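Undergrad: Work the whole structure out from these sequences, hints included.
As given, the protein sequences belong to chains A and B, one line each in that order. Here our numbering runs 18 ahead of the position in the first sequence, where the first position is 1. Here our numbering runs 39 ahead of the position in the second sequence, where the first position is 1.
Honestly, I wouldn't trust all of these hints.
[Claimed, not checked] Calculated from the model, a selection of chain B residues having no Cβ within reach of chain A, i.e. all distances over 10 Å: (1) 51; (2) 52; (3) 53; (4) 72; (5) 77; (6) 94; (7) 99; (8) 101; (9) 110; (10) 121; (11) 125; (12) 133.
[Said to hold, decoys possible] The calculated SDA-like cross-link candidates involving lysine to any residue, where the alpha carbons are at most 20 Å apart (straight line), are: (13) B:96 to B:69; (14) B:52 to B:121; (15) B:96 to A:70; (16) A:70 to B:141; (17) A:21 to B:76.
Treat the hints as calculated values from the structure; they're not laboratory data. Predicted model, so just to flag it, every value in this text is computed and none were measured. Backbone N, C-alpha and C fix where the C-beta goes; we use that ideal spot for every residue, glycine too.
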Amino acid sequence: DAKTTQPPSMDCAEGRAANLPCNHSTISGNEYVYWYRQIHSQGPQYIIHGLKNNETNEMASLIITEDRKSSTLILPHATLRDTAVYYCIVRANNNAGNMLTFGGGTRLMVKP
Amino acid sequence: KAGVTQTPRYLIKTRGQQVTLSCSPISGHRSVSWYQQTPGQGLQFLFEYFSETQRNKGNFPGRFSGRQFSNSRSEMNVSTLELGDSALYLCASSLSSQAGNTEAFFGQGTRLTVV
Numbered sequence: 019d020a021k022t023t024q025p026p027s028m029d030c031a032e033g034r035a036a037n038l039p040c041n042h043s044t045i046s047g048n049e050y051v052y053w054y055r056q057i058h059s060q061g062p063q064y065i066i067h068g069l070k071n072n073e074t075n076e077m078a079s080l081i082i083t084e085d086r087k088s089s090t091l092i093l094p095h096a097t098l099r100d101t102a103v104y105y106c107i108v109r110a111n112n113n114a115g116n117m118l119t120f121g122g123g124t125r126l127m128v129k130p
Numbered sequence: 040k041a042g043v044t045q046t047p048r049y050l051i052k053t054r055g056q057q058v059t060l061s062c063s064p065i066s067g068h069r070s071v072s073w074y075q076q077t078p079g080q081g082l083q084f085l086f087e088y089f090s091e092t093q094r095n096k097g098n099f100p101g102r103f104s105g106r107q108f109s110n111s112r113s114e115m116n117v118s119t120l121e122l123g124d125s126a127l128y129l130c131a132s133s134l135s136s137q138a139g140n141t142e143a144f145f146g147q148g149t150r151l152t153v154v
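TA: See below:
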């Protein structure tokens with residue numbers, strides 16, 4: 019699976035949009051982009067995933083560039099409860115299993 | 040529906056002992072994966088089971104083993120515990136074995152302390 023690069027930390031003001039970037043320049047055509055987050059001492063939580071098109075759900079939006087070499091996770095109105103480590107992961111669409119390769123992630127701090 | 044259940048939540052063991060951790064996946068999910076999380080190494084994949092067969096294995100010594108039962112429940116075992124095995128052990132369940140449209144749901148983890 020392709021490697022990802024994320025900034026180690028970011029701050030965001032409460033109520034503002036949080037834009038978390040992820041670089042995956044070596045992504046291949048059959049690899050999806052997944053985002054998870056981990057709130058302190060809890061298990062990671064699935065947020066969203068996509069292949070080529072932008073995606074939106076009740077938690078966030080995922081914007082993938084046309085060349086698919088980078089993506090941005092957008093939390094439209096960040097709250098204090100969104101403070102967490104956010105992981106960007108790319109996974110191949112094959113039958114090889116569900117292994118997730120976690121990098122260091124981005125520690126997002128939402129401030130009042 | 041019920042989420043992923045891991046037991047026990049906390050465990051203290053002595054060096055040299057062995058430990059068994061349990062994971063009950065979401066009903067209907069056939070894939071169970073295990074991860075180890077430490078401050079130094081982050082989240083690392085241990086192994087995955089699908090329909091009672093190990094599909095993938097991470098880079099961990101043979102002291103770490105697992106199994107999956109016919110009801111998809113899974114256990115992992117660590118033998119001859121070392122201080123460095125102190126970690127949060129996380130279990131994740133997924134509906135199928137295909138990556139494309141399958142998200143993983145994680146349990147709250149078992150925090151193992153080896154003294």
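Undergrad: Does each hint fit the structure? Answer for all of them.
TA: Results for each hint:
| no. | hint | in the structure |
| --- | --- | --- |
| 1 | 51 | holds (17 Å) |
| 2 | 52 | holds (20 Å) |
| 3 | 53 | holds (24 Å) |
| 4 | 72 | violated (6 Å) |
| 5 | 77 | holds (12 Å) |
| 6 | 94 | violated (4 Å) |
| 7 | 99 | holds (13 Å) |
| 8 | 101 | holds (19 Å) |
| 9 | 110 | holds (19 Å) |
| 10 | 121 | holds (22 Å) |
| 11 | 125 | holds (15 Å) |
| 12 | 133 | violated (5 Å) |
| 13 | B:96 to B:69 | holds (17 Å) |
| 14 | B:52 to B:121 | holds (10 Å) |
| 15 | B:96 to A:70 | violated (29 Å) |
| 16 | A:70 to B:141 | holds (16 Å) |
| 17 | A:21 to B:76 | holds (19 Å) |
Hint check: violations occur at hints 4, 6, 12, 15; the rest are consistent with the structure.
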